[in-house]
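Visitor: In case you want the letters, here they are:
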Amino acid sequence: MLRLLHIEFQKLRYNKAAKVITITYFVLITFIALIASIEFDFGAIHFRIADQGIFNFPYIWHFNTYVASWAKLFLAIIIVSMMANEYSHRTLKQNLIDGLSKKEFIASKFLTVVVFAIISTIFVFIVSLILGLTFSDYTEFSILIRDLIYIPAYFVKLLAFFSFCMFLGILVKRSAFALGFLFIWWIIENISYAVLKFKIFRDSNIAEQIVQFFPLEAMSNLIREPFSRLNFIQSAADQLGAGFQKDYDIHMSQILIVLIWSIVFVNLSYLILKKRDL
Amino acid sequence: METILTIHNLTKKFGPITAVSDLSFTIKKGNVYGILGPNGSGKSTTLGIVLNVVNPTSGSFTWFDGNTTTHEALKKVGAIIERPNFYPYMTAAQNLALVCSIKEVDKSKIDEKLKVVGLLDRRDSKFNTFSLGMKQRLAIASALLNDPEILILDEPTNGLDPQGIHQIREIIKDIASRGTTILLASHLLDEVEKVCSHVVIIRKGKKLYAGPVDELHVSFGYFELKSSNHEMLKTWLVKKGIFSAIKEENDKLIATLKVAMSSEQLNQELFTDGIILTHLVQRKESLEDQFLQLTNATT
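Residue numbers (the numbering used here), protein chains in the order written: chain A, 1 to 278; chain B, 1 to 299.
Simulated from the structure, these hints should not be mistaken for laboratory data.
Treat the hints with care, since some could be wrong.
Unchecked claim - Cβ pair distances, simulated, as ranges:
id	chain 1	residue 1	chain 2	residue 2	range
1	B	K29	A	K275	32 to 38 Å
2	B	S286	A	H6	46 to 52 Å
3	B	N55	A	I187	30 to 36 Å
Claimed, not checked - Beyond 12 Å from chain A on every Cβ pair, some chain B residues (computed):
id	residue
4	T45
5	Q94
6	S101
7	S177
8	D214
As the list claims (entries may be wrong) - If the Cβ cut is set under 10 Å, some of the chain B residues that face chain A in the computed set are:
id	residue
9	N52
10	F64
11	G66
12	L74
13	M90
14	S142
15	D147
16	L237
17	V238
18	K240
19	G241
20	A245
21	T256
Yeah, the Cβ is synthetic: ideal placement off N, Cα and C, and Gly gets one too.
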């Protein structure tokens, strides 16, 4: 296993673009801390984001994992290109000839994906912990560990997304087209949702029931937007008479759906590679 | 003799096209094999199958004693196909180090093999700065890293300039002289003739011949003849009945033998019958002639 990771690491290590993007990714996540310093001045109203409770435990776990998950697109570029480049450089063929089995090839890629997800998760955890300890109104241990489930959920979300990218890279063979396909897939999911919701299953939640099984939707359901959970947004909504109640919790079933998608993507990647003549 | 590779009734179809058809042959240790065939005859496909990158439609192949999986066996094989494939952003040494990791061999061989192909002074240059000839030599170095039991080369001189072709051939001859089994696919006959002891000839995916290069010389050669009395000579040759073909080429007659006959004997007989030759040469067909005969015979 270490050998396979080492092989993939050797490929990425000398790739300048991959290095730059990876560094950008982690710098971006660190920049969540900068949100703390955002201040608004509306005449008499002085408004500082950090004071609005976004860095309060346990909310910070939700907020940071949500914000950080946007940056995953950067790593998606790396993962898609690390698959597609093997085709365009024809090194996949050479790797197999040199004695790497197709299974090992997929395993080396998947292990790299797992490592990316683990490092990213640890990174978000540490950044959140530091920010929380600095800005949170409550730092009691019992509150601190509440909602910590967002961290493993973040990991699962990344894992699935990266597996999807890996699959697209193998399927499409070209980085740019694979990323385009990712975007198209996202549109397809949204259009199907719209069609289901407004044409087929009007006035019921069957559409949501179906759509939650779509890969991208399942991933985004795992960590929903946290903004409407903020106190000042909630109270503003209440004042406007548009009070809303949303389910922000992470359900085991959602994690399971996303995990199953990861397994499906990895196995599909292997199947494609196995069937294909290079 | 130890068997390195056995191919058994291999068939590969790409849609309606049959690239390889019911192909069987065996590669024994210590020989230098050539796979000959015109472009598109299924050479690369056959190699692709045994190298685990193309899935056969039917048939099978076994590496060595048949007890190892293909990818494990490939770690003991060195192969380059079509064109050199490396990571362009990595240096020669970095690329070879990666191959070492895949093949699970020690990295200490890198400099040694770079020296064999004359690239040691470019070890830290990026692959994308290399010329095609250098890339091809790097590919050979890469294939040699594990001191392979067999070296498989697919059109190794394709697209190279004369100097590059010469360099590659020298390297191949050098490797062959050290007793490494070599399987060389090529459509260049002199290339195969110069280095190979055995040859497999395929055309349209079908095997036409497999065996030692010497035994391919099934014919008895031919005479190039010239006489002042051209017509008389021709009539005599036809009447003699031991020639499979009599052709006129420029002002010479080319008479292909059906049975063995020495030039001395022919000269003697002609002289006795009053035909005096001004030109007499006995030749063996080159591999090229035989190859063309074989591949055309089945058209």
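Visitor: Please flag the earlier hints that this structure goes against, numbers listed from lowest up.
Guide: 4, 5, 6, 10, 11, 15, 16, 17, 18, 19, 20 and 21
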